[in-house]
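Participant: Here the sequence shown stands for residues -25 to -1, 1 to 722, numbered as in mature numbering (1 follows the signal peptide of the UniProt record, and there is no 0).
The reader is advised that the hints may include incorrect statements.
[To be verified] Below, in silico cross-link-like pairs of lysine to aspartate or glutamate (DMTMM-like), each with a Cα-Cα straight-line distance of 20 Å or less: (1) 624 - 670; (2) 272 - 148; (3) 712 - 301; (4) 161 - 516; (5) 366 - 437; (6) 175 - 665; (7) 226 - 148; (8) 272 - 392; (9) 161 - 135.
In short, the hints are calculated from the structure, not lab data.
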Amino acid sequence: MRARSIFSALLLAGATLLAAASAFAAPEKAAGGIRFTYKDANATKVSWAGAFNNWNGTANPMTKDANGVWSVVIALPAGEQQYKFVVDGNWFADPENGATAGDFGNSVVRIGPTGDLQKAASTSNTAYSPKILMGGRAIGLYQSTWSDVEYPRYELERPELDMDLGFDIRVSDALAAHFLLNVNPKNEDVQDYKSRLNFKRGSMTLTQPDLQMTFFDSDTVGTWDDPMHLVGNTGVYGRPFGYERSGLRLKTPKYGFDTEVLYADNNTPGGVGSPGFGSFNPGTAAVPIVASGSGYKLVTGATSKASATDVGDNHGSFGFGDGDKDMFAARIRRRLRDDLLVGILGRSDRGYHFGTLNYSEITGDSTWLGFSGNNHQQWFGGGVEGRWTPKPNVTVEGEFLTGLHRLVMSDGAQRIEGKATEITETSATFDNTISDAAGAHLELSRSNRFLLRGGWVIAQGDIGLGASVERTNFTFPAWTQEPITPAGAPSVYHIRAANVDYQRGDYLDGSDLENHMTEWKLRWDRNWRYYLGRPAKTTLELAWTNFRYDARTAWEHQAWFPNGNFWLESGQHVVTTSRLVMLGEPQAIEIRPSIEYPIRRADAMTLVLAGDYATTRLDKKPRYAETILRFGFDQSSAIRLQTDWRWVKYDVPALSLSNGYLSQFTEAIYRFAPDISVSLGYGVDPWVLDPNTNEYANIGREMFLEDLNANGWVAESNWYSLAPQLSAAEKRLQNTKRIQLKAIVRF
């Protein structure tokens, strides 16, 4: 097959590069100084020139031996020394030395106080330019899965070749760039020979003494280290910020303040147009009327709405409904004392969840206010943070944030103000005034949150204790809640079609909803190296979350969903597999113990036992009980055998789930070299390539279940449908028979 031939060629190319690299001789210490060599049998004259001899191209000529290798020994003073070779009048960087500096790509050696060479990080490994460092990774993946369709057999899925080619470019001492290109015919959905080298992610960084600016495109820029992670720590996997975003990050330590500014724009397609109502009937706003003396009046505070909102389709064809979102964040920190760091920070997101809205609100006994037209959503928030370290082994952190989520009317939107001219028992007549509403906004929610966390490390770092409490409150106008279809009525009040969420509702009680979430966490880490004579490690995490919801709160507005918690990235819930079964409950308890035990050092034999147990009350059986067992050892210096087992038990009467499921993955890995390996495995691999970070992560089983609709997106829109889908997904994971061959080459 062509994929196999391409991958074989990559292996050969990688081996050739390794062999070629080993043939070069970098600068080395010799009697009398440092020896430099340059191989060119056809050259007639070669000299060494550098800062040491004022870049004199003839002062230090080199001597050629019988093999065509030119060499010279130069006594250099301590410090950084830049140099080049002058070959027949042409200047070249040292191809055997990957460390370069300066605007002209000069080679660099660093000399210690005793005349020894000090190691310098490579900035080049190609003869094409002394400013380019090339590297990459090639992955060949073959999976054959058992199928009972038509007739029983193993079916070979399309082989996958994923090749990353990275370039670290030192444009100058002040400007560096990183670009990652990729070849993957499967992702392009083309035949192998039609695949192309595509841009995957990249960044450019400008560094000055008091300023660093990074321009990035889908390159991760990390997670902020404030206690509540205002930027990053996204979704169920806690991913860093930057994937599928283009933007700028600025850092400066000027005037004693550490300042960071981040601006990013979503670079994924979709989500930039406001969907209309289409065939959805927005209906007519209700006008509630009550008796008042001898006449009638309107019910002040009552609201009505009809809306169509692009909420995406869980990053499928339409993304998360945030295709035009801009994000701006900034923070300023200052160390007041050696043990005290304080800061202020803020963030604003705008231009997501485009939609159409018809909204009306009774503002008085005989008046009303309405908005009609296209819109988008926006949120902004900010606060303060602090970190106190009274002792080297004690840390106390705190953070307070306050924020606002609102809907912003777009160009062409209208504001309608009405005054009743006649009110009867069943109807009202109004005199309305229409004006431009572009830029007007309606509040969707307000929130305050704080976190206090402490950590204590003792016993020479072998024991770590941590505790935290986080409290978040939300205030929602009544009309923001998803409408509930009355019993016996047709389902026309709330419909989700593809990427659009349609709602129509009337709200007689206009008072705001007050919701609260409080989370307590405890953590214990222990290294038993002194007691057991080996670095055996144990951890225990306990999280107890308490929810207080107004009785009018819609299912979709729970605090683990982005509709109910704008602090989450739009479209990114935090409903893990274990949390699926605790939704709608007033409290959730999560317990995660783990043991890592190195059985035998000689062959790296290791046993890992980890658990994830979730319940709603400590006196109740766990609704979700998961146990992971990993065992592996080196059969030889080149071969490693390992296995990974997962047992999970559900006990959720509301979903009629009471079964247990067992799955496993076993593999043998052969290491040709530190950066070249081939593995043969059986089962569903728990370690897969995370597209956000472009690194392998232990999320394979979770992503397998998500792809089969056992995820928070489905739980938000239709929780009761989880019963068959979750059971079917777990059965598929348990029963999947898959043979996997994987080769990885890093170069």
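Participant: Tell me, in ascending order, the numbers of any earlier hints that this structure violates.
Facilitator: 1, 2, 3 and 4
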